[in-house]
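Just so you know, the sequences run in chain order A and B.
Note that the first sequence covers residues 37 to 151 in the numbering used here.
Note that the second sequence covers residues 2 to 115 in the numbering used here.
Rather than coming from a laboratory, the hints here were simulated on the basis of the structure.
A few of these clues could be false.
Unchecked claim - Here are some, though not all, of the chain B residues that point toward chain A, as calculated from beta-carbon distances under 10 Å:
no., residue
1, L20
2, Y37
3, K50
4, A92
Built from N, CA and C at the ideal position, the CB exists for glycine as well.
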Amino acid sequence: DAGITQSPRHKVTETGTPVTLRCHQTENHRYMYWYRQDPGHGLRLIHYSYGVKDTDKGEVSDGYSVSRSKTEDFLLTLESATSSQTSVYFCAITAGRGGANTEAFFGQGTRLTVV
Amino acid sequence: GNSVTQMEGPVTLSEEAFLTINCTYTATGYPSLFWYVQYPGEGLQLLLKATKADDKGSNKGFEATYRKETTSFHLEKGSVQVSDSAVYFCALSGPSSNTGKLIFGQGTTLQVKP
Numbered sequence: 037d038a039g040i041t042q043s044p045r046h047k048v049t050e051t052g053t054p055v056t057l058r059c060h061q062t063e064n065h066r067y068m069y070w071y072r073q074d075p076g077h078g079l080r081l082i083h084y085s086y087g088v089k090d091t092d093k094g095e096v097s098d099g100y101s102v103s104r105s106k107t108e109d110f111l112l113t114l115e116s117a118t119s120s121q122t123s124v125y126f127c128a129i130t131a132g133r134g135g136a137n138t139e140a141f142f143g144q145g146t147r148l149t150v151v
Numbered sequence: 002g003n004s005v006t007q008m009e010g011p012v013t014l015s016e017e018a019f020l021t022i023n024c025t026y027t028a029t030g031y032p033s034l035f036w037y038v039q040y041p042g043e044g045l046q047l048l049l050k051a052t053k054a055d056d057k058g059s060n061k062g063f064e065a066t067y068r069k070e071t072t073s074f075h076l077e078k079g080s081v082q083v084s085d086s087a088v089y090f091c092a093l094s095g096p097s098s099n100t101g102k103l104i105f106g107q108g109t110t111l112q113v114k115p
């Protein structure tokens, strides 16, 4: 195990409510990522972080914000959930300095349903 | 921009059959290429990777060769088992970005029947 814990594992929420997903790592790695997985799209990057308080947008960042106040925690927030954000969300980390050829380790995912 | 295209699934095979899952990519320069596997109810885990042209990645009987001339990274296994049933993702990283961000294909579901 790469020491990644996502919480909650399942959540059902109503349209318009705020939702925060948490990713916790025990590896002290610099890079952390949030992806969403949808049928026909594979995984797509939402946001990533390259250090405490250092974050950047990914391919599908609209409607999402992130925060990283400690090395071990990376939070993903849906400010006002919409049905299009129903998805499975994965957190990932990469070791060392990141890099294009670095293996990513994934959490077990959070299944979010917006009704 | 960079992109990855995988063959449509699902792929259904009998045990001990030969497996090929096609993957092609679009990128400037020389990205790193990966195959990740997702077993039911789990997150993704790295299956194999190749970081330069003509490299062959291999693991657990699976192989893939980085072909720059055809921009491909097809996954193969000579004899599949029921335990290989999973979703397989082709992905690339780089070359212009050094942040470890991954671009994934759509995923191919493999079902192996006894």
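Verification of the hints:
1. L20: violated (19 Å)
2. Y37: holds (8 Å)
3. K50: Cβ of K50 of chain B sits 7 Å from chain A, so the hint holds.
4. A92: holds (8 Å)
In summary, the structure is inconsistent with hint 1 from the numbered list given earlier, while agreeing with all the others.
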